[in-house]
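Student: Sequence:
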Amino acid sequence: PQRLKEEYQSLIQYVQQNKKTDNDWFRLESNKDGTRWFGKCWFIYNLLKYEFDVEFDIPVTFPLTAPEIALPELDGKTAKMYRGGKICLSDHFKPLWGRNVPKFGIAHAMALGLGPWLAVEVPDLIDKGIVKYKEKMNPNNKKK
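Quick note, this note's numbering runs 1008 ahead of the 1-based positions in the sequence shown.
FYI, nobody ran anything at the bench for these hints, they're computed from the structure. Be aware that a few hints might be false.
Subject to a maximum C-alpha distance of 25 Å in a straight line, what follows is the list of computed PhoX-like cross-link-like pairs (lysine-lysine) [what the hints assert, rightly or not]:
(1) K1013 - K1057
(2) K1088 - K1048
(3) K1057 - K1028
(4) K1094 - K1140
Quick list of simulated restraints, FRET-style, between CB atoms [unchecked claim]:
(5) D1135 - P1009: 40 to 48 Å
(6) T1069 - K1028: 32 to 40 Å
(7) G1137 - V1109: 23 to 31 Å
(8) N1026 - L1056: 13 to 21 Å
(9) E1014 - V1068: 15 to 23 Å
(10) D1132 - L1012: 29 to 37 Å
(11) R1107 - Y1141: 33 to 41 Å
(12) K1013 - A1087: 18 to 26 Å
(13) D1061 - D1135: 21 to 29 Å
(14) K1048 - D1132: 19 to 27 Å
(15) P1009 - I1138: 37 to 45 Å
(16) L1012 - G1084: 31 to 39 Å
(17) Y1141 - N1031: 16 to 24 Å
Cβ atoms here follow ideal geometry from the backbone N, Cα and C, with glycine treated the same way.
Assemble the whole structure, with the sequences as input and the hints as a guide.
Tutor: Below is the structure:
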């Protein structure tokens, strides 16, 4: 319970900091036990907002082991991803996590794992035509 409280405090602080710098890019919530996390992340490219579902389970060995963040709708669309839409963080992020155990948590996984992954992979997927922009519809079925 204490670690879950610390994770939420850290995430809240990180999101508030991002909002202040106009760099808000994800929303997360967890199940009651804090073992399963889910939400949305987004990336702005060429002035268009691309939004993705994000999910991950907290490993039993957390915080010794980083969570494996998944973007299910991108499953199979890039080589930098494992089955189930889990993003590849092994080359750059996992060694960093290992050097900072047990100080790193979910906010670090988002900031230093998912954030850089989105910045590299999403523009490439868009430029290749693999990811397409989806316009949001308002409740009256009109484009925003």
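Student: For which of the previously enumerated hints does the structure constitute a violation, in increasing order of number?
Tutor: Going through the list in order, the structure violates hints 1, 7 and 12 and respects the others.
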